[in-house]
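> Dock chains B, C and D against chain A, hints included.
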Amino acid sequence: MRLALTEEQEMLKRAARDFLDDKCSKAFVRQVEDSETGFSRELWQDMAELGWMGLIVPEQYGGGGMSFLDLAVLLEEMGRSCLPGPFFSTVVLGALTILDAGSEQQKQEYLPGVVRGEKILTLALDEPGFGGYDAGSIKVEATLDGHNYCITGTKLFVPDAHIADHLLCAVRTKPENVIAALVADAGSPQISHAPLKSIGGDRLYEVVFDRLPVPETRLLGGVSQGSMVVDRIVQRAAVAKCCEMVGNIQRVLEMTVDYAKERKQFDRPIGSFQVIQHYCADMATDVDGARLSTYQAAWMLSQALPCAREVAIAKAWMGEASRRVIDLAHQIHGAIGVSMEHDLHFYTRRAKAAEIAFGDADFYREVVAREMGLW
Amino acid sequence: MRLALTEEQEMLKRAARDFLDDKCSKAFVRQVEDSETGFSRELWQDMAELGWMGLIVPEQYGGGGMSFLDLAVLLEEMGRSCLPGPFFSTVVLGALTILDAGSEQQKQEYLPGVVRGEKILTLALDEPGFGGYDAGSIKVEATLDGHNYCITGTKLFVPDAHIADHLLCAVRTKPENVIAALVADAGSPQISHAPLKSIGGDRLYEVVFDRLPVPETRLLGGVSQGSMVVDRIVQRAAVAKCCEMVGNIQRVLEMTVDYAKERKQFDRPIGSFQVIQHYCADMATDVDGARLSTYQAAWMLSQALPCAREVAIAKAWMGEASRRVIDLAHQIHGAIGVSMEHDLHFYTRRAKAAEIAFGDADFYREVVAREMGLW
Amino acid sequence: MDFGFTDEQNRFRHEVRSFLEEEIEKGHWEPACDAWIQGFNPEFTRRVAHRGWIGLTWPEEYGGQGRSHTDRLILTEEMLRFGAPAACHWFADRQVGGAILSFGSEELKREFLPRIARGEAYFGLGMSEPGAGSDLASLQTRAVEDGDYYTINGQKTWTSCAYFAHYFDVYARTDPEAPKHRGISEFIVDARSPGLSRIPMTDITGTEAWSDLFFDNVRVHKKYLIGQKDRGFYQVLHQLDYERSGMERIMGNYPLFEAVVQFSKENQLSLQPAVRSKLAQLEIEFEVGRLLGYRVTSVMEDGKTPNWESAMSKAYSTEFEKRLANVSMEILGPYGQLMSGSRLVPLRGMAPHSYLGSKGYSLQAGTTEILKNILATRGLGLPAA
Amino acid sequence: MDFGFTDEQNRFRHEVRSFLEEEIEKGHWEPACDAWIQGFNPEFTRRVAHRGWIGLTWPEEYGGQGRSHTDRLILTEEMLRFGAPAACHWFADRQVGGAILSFGSEELKREFLPRIARGEAYFGLGMSEPGAGSDLASLQTRAVEDGDYYTINGQKTWTSCAYFAHYFDVYARTDPEAPKHRGISEFIVDARSPGLSRIPMTDITGTEAWSDLFFDNVRVHKKYLIGQKDRGFYQVLHQLDYERSGMERIMGNYPLFEAVVQFSKENQLSLQPAVRSKLAQLEIEFEVGRLLGYRVTSVMEDGKTPNWESAMSKAYSTEFEKRLANVSMEILGPYGQLMSGSRLVPLRGMAPHSYLGSKGYSLQAGTTEILKNILATRGLGLPAA
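Residue numbers (our numbering), protein chains in the order written: chain A, 1 to 375; chain B, 1 to 375; chain C, 1 to 385; chain D, 1 to 385.
It is possible that some hints are incorrect.
[As the list claims (entries may be wrong)] Here are the simulated lysine-lysine pairs, BS3-like style, with alpha carbons at most 30 Å apart:
| id | chain 1 | residue 1 | chain 2 | residue 2 |
| --- | --- | --- | --- | --- |
| 1 | B | Lys-197 | D | Lys-265 |
| 2 | B | Lys-107 | B | Lys-174 |
| 3 | C | Lys-265 | B | Lys-13 |
| 4 | A | Lys-26 | A | Lys-13 |
| 5 | B | Lys-264 | D | Lys-265 |
| 6 | D | Lys-180 | B | Lys-264 |
| 7 | D | Lys-180 | A | Lys-13 |
| 8 | B | Lys-23 | A | Lys-261 |
| 9 | C | Lys-304 | B | Lys-261 |
| 10 | D | Lys-180 | B | Lys-261 |
| 11 | C | Lys-265 | A | Lys-197 |
| 12 | D | Lys-229 | D | Lys-180 |
| 13 | A | Lys-139 | C | Lys-265 |
| 14 | B | Lys-139 | D | Lys-265 |
[Stated by the list, open to error] Every beta carbon over 12 Å from chain C, so not counted as near; a handful from chain A, in silico:
| id | residue |
| --- | --- |
| 15 | Phe-28 |
| 16 | Gln-31 |
| 17 | Glu-59 |
| 18 | Pro-112 |
| 19 | Gly-132 |
| 20 | Asp-145 |
| 21 | Leu-196 |
| 22 | Ser-302 |
| 23 | Arg-323 |
| 24 | Ala-361 |
| 25 | Glu-371 |
Read the hints as simulated data drawn from the structure, not as lab findings.
Backbone N, C-alpha and C fix where the C-beta goes; we use that ideal spot for every residue, glycine too.
Only chain A is shown next, with the shape it has when bound in the complex (with noise of 0.2 Å):
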């Protein structure tokens, strides 16, 4: 047990910090929010050359072979500076879930593009209706005709779809009535996507596939497996974005500590009132204990041991946590932090959509009650 970064996440994370520090500033996060794709092509080939999209990647598709638990890091640095754009749904719901699910023939036709930075990858998984994170509640049929599944409905809050080369859609196939992942091209007129308007500035889409055909031979693990895919890639994601959130709260909690040493009301840096002092160390025990659940879940998928537990428990305290912290930086940053003008709304807005992603509390306490075997 040793629960501080090795020499090598160190030094990971020093170099995402830098870059991200020079590439990605709240001036570039703006411009690029306020793009027509909210996307830069440029700074995605600069991560591409980093190494960033093949990270945990193995070698032979052309990746750095290193381990979730280093993922973990880079995604912490890319919560802190707020970059914009598709590496979550790429990386996270896309390659990793080819590296998971996908044929040696699968992970050979689309790693080698991602790493390089060349395929955009996004995946679709909400359904309209209140459902849950879960694949139980995949309604969207794809049903088996000849050697082509073909889907047809509608997939919500899908990231990215504007921009993806392809998409990872779970269905329910026909005739089997199970759980499965097909992975479909995005440029099919037969799907079609309209922008959802979502608080966390990322690009949201409603998707509606119309008897889009797409090969048997694109489906990610056999048809039996579908279920056990879809629930892993719902763990990764939730972890993932705890790890983002690391970041953003981290990130959050700097800005205000910094502030509170500066700020003077009545002739004192309102860090020196009491109250001020126990909200930011309130903020303090929640990152922290938001930063060990979330490495710990990160830690246990990195090396593939059971962790439905584990994964609830970081993102239930996540959705709670990242709130209260918010919350508290806005109470101390006073009016200028509700300004538009400030870096906080940043935060704010992206916490709030990540609370949101892939299950918030409520739902993750109903998964511990499972395995606490409460129910």
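Chains B, C and D only, in chain A's frame:
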């Protein structure tokens, strides 16, 4: 609308405060709590002479003919002084029920004795298991046999059963299978009771009825009315408990503020530390919210307005607010407050018992939800 | 103790409610959160004035109705319940008019109060500055005497209604040598004054309801000084007590509360115990907040200035608003993230608007920290920190 | 980052667990809340000592085992999990031994450490005084030099284990003229010393686990001064960092946690969504508290003294304990009010014991307020208030 006491109520309050300050010191409370019966017959007679037992009993039965709102003021002062004894049982659970649901003959029979301090009443409502505080949860049966109902079963958490002259008993009648309230004589050999040791220091009993015959003339409010009678008992009891608790937490707030002004650490009164100030501000807000919601419910009861929603709001708020007030009081008092030598524990223990009695916040949230039409 | 309203008061509530329901029915506006501070609608203000509902409690000689604080409570409660766009007249009605009435000269009363009551004079507030928020006494805007005039230089921020306002209620330092609480004065500044400029700001919800105000040698005649020179800080404290005295905070997002309850019923979400427990808890907290607000009015009816009572009510209520927004977002699930104007957006995007907006509520009109300080020291008598 | 234990560590955990399970099976004691501070069981302490589990991390030359902080974490975690009655040796093992090791003379080390490790020397703490709780530096107990001796006069309070203790670790003022942080020294006082009396106190749970200590001209030889004269305040700060470094608080009521989960399952209460949501939330909070505790050990393994890390862990954990008690009481409904020894009492009365006891947890070993001050100033670098 005027959210302050009337002049008459202020007078009643001051008189009660003076009397209890004089007769019901904490040394007295300690002594009575440690005594065999937990009850001082002498104080009881003094209270009867002040007209307290008959405060809101109509004049034709020897009472003062005042309103439930006036009783609320008195109950607040009783809660403030941690008055031990069966006032709540006798007046709130017993006399008010007879007043509400009893026949003229029943009122004549029981009320004058209560007013004179000669009769102690109580209510047997709770039963084993995890039911709610409503008529529907009652399982103890009373089978009509000629002109007697024959009661068999176990009631729990019956206050003051050891000194009561009569027990009002909520039962399910056979063969009608409806809820009814019967007045049983406590001395009967078919009733046995065994003490339960409660956190509140009050005297609670397990009461076992073993084929106790009760004449059908002892039925309160007719066999078809019992369910409403029981629901109204619970409403009055919940509000009356809140009134006691208003006195409890108001006193706790005052003790705490006084202590914070006096106690010095780091060469300053601790009440000058901003965190302690905010704790006190939070306590005051909880207390005032409790006071206003409680008196609103008491006012509605005294006006005979339908008030299931307002009663539920008051008791739900009180359950959680009192917990927070007590917790902060302890935090501010420091170690001395968790010693039995100090008075705070009287309030702490009673607050927890009051929170439990007649339904906690979870229970009343469901009532509020029902009143909102949510289910 | 009396928690009831008189028949007359109930009739007045009914009258206000009918008026507002008719407004909505006619499509004049949609109920919205924060509409009292962000809903600028001069036509609505005119219709409200026509009913005599601006300056309701002021003496009739100044265009008011001489009615009770309880009547005004009823009026504002209904305005907030229906999310009515009352921002044009809200600030003058709530506090600037009262300041003029309490401290202003007879001339100022005659000049401004009737016009406010007729819905013809809108006021914005010039209190906060970038460096003077909680610590209002440290404000830097200067007003220098110059014959019959004062010349004002400086910056104010977070002024609501600035683009609609005809006047600003401006606090400026008139004696830079005096201790900082003792050198501030209050002025009425015409919005068209040369040298006064307004720059809109966008807040975290994306709303452009606020402005920075810049004063570059703005000249104000001495007759527009409200009250005594150098006594402005004490006047602003008084004004703030009234600023916090109403139901704005507990009900500022009432349209969301009503909508999310309705949504939960319609989508059968409230059959889930967790959902209905959250909504019931909100109802409980709302009721307590309502009573804390009513208590402030009750204090005013007794002829007292509410102080720690309005501090308590405001601090409590902004926390309620945060919980309302949180619960609404939770109930809406993934749909909660959709902003106003998006495809599929539920409840017109009121939930994320309120979630983001509520970060500012506990900062406006006294931060929660300042309010709790007031409650602890003035309400409970604890020694100053 | 490594959240795993080595095979050897896992074996050690298994060894400790088997030992404790066997103890319970043999009926030596029942798992209890607060047993580490209130469970005085000399036989148990002897058996633990026999295993070499007291002073586990101390050098072998002083009777220790020279093992890692992680091993001690495992040991104490299991002790707490099973609610083992370890109070006789807990304080010496946790902090007084460490203080002697860090600051004591070679002679003191040789005299005390081996006897502590053999379970033969129990220590009570003489820190708090009626007027010196959070503000420990203002303690009034005096120690006056008198030849080779100090004469101590004064009062200590809230001393655990006082009736069993052979020695007390006493802080007393040796230089009344110096600034108050600079005139305090630390002594080992024999419990049988003439002039030393113990008066038991009853706490809010009804437990007599604490005492007042009165010093009436108690003589202590100078060799029982730990560390430097007048440096005691700095030593106590160091000791407090270790006092707060363990899992006592997050796990002090673990037997209740386990029991209430079991009870909820057996009575099918956990089929109610509200009940299981509360228990799941406790599990989440427990896990976070466990990790915050593990982090403290990780810091110690890196050779550092934990400071704000243990302040954070302790402050967090006492809040967890309050919630655990609250939730347990809620789940038990009316039965929750029944105290230990009552008819029909569920869970041996652990819930109300913990509910009442938890009011004190956030006061012991540094109030939550002091701990947050430490975290803010030393952990985050905020300026002193």
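> Taking the hints in turn, state whether each one holds.
For each hint, the structure was consulted:
1. Lys-197/B x Lys-265/D: holds, 26 Å
2. Lys-107/B x Lys-174/B: Within the cut-off at roughly 26 Å; holds.
3. Lys-265/C x Lys-13/B: violated, 45 Å
4. Lys-26/A x Lys-13/A: At roughly 19 Å apart (the allowed maximum being 30 Å), Lys-13/A and Lys-26/A satisfy the hint.
5. Lys-264/B x Lys-265/D: Roughly 48 Å between the alpha carbons, so the hint for Lys-264/B and Lys-265/D is violated.
6. Lys-180/D x Lys-264/B: holds, 15 Å
7. Lys-180/D x Lys-13/A: violated, 45 Å
8. Lys-23/B x Lys-261/A: The hint is violated at about 55 Å.
9. Lys-304/C x Lys-261/B: holds, 27 Å
10. Lys-180/D x Lys-261/B: Roughly 23 Å separates the two Cα atoms, so the pair holds.
11. Lys-265/C x Lys-197/A: holds, 26 Å
12. Lys-229/D x Lys-180/D: holds, 14 Å
13. Lys-139/A x Lys-265/C: holds, 24 Å
14. Lys-139/B x Lys-265/D: holds, 24 Å
15. Phe-28: The claim stands: Phe-28/A keeps its Cβ more than 12 Å from every Cβ of chain C (closest is about 19 Å).
16. Gln-31: holds, 16 Å
17. Glu-59: holds, 37 Å
18. Pro-112: Answer for Pro-112/A: holds, closest chain C Cβ roughly 33 Å.
19. Gly-132: violated, 9 Å
20. Asp-145: The claim stands: Asp-145/A keeps its Cβ more than 12 Å from every Cβ of chain C (closest is about 30 Å).
21. Leu-196: violated, 5 Å
22. Ser-302: Correct as stated: the minimum Cβ-Cβ distance to chain C is 28 Å, above 12 Å.
23. Arg-323: The claim is violated: Arg-323/A sits with its nearest Cβ about 7 Å from chain C, within 12 Å.
24. Ala-361: violated, 8 Å
25. Glu-371: holds, 18 Å
Hint compliance for this structure: hints 3, 5, 7, 8, 19, 21, 23, 24 are not met, and every other hint is.
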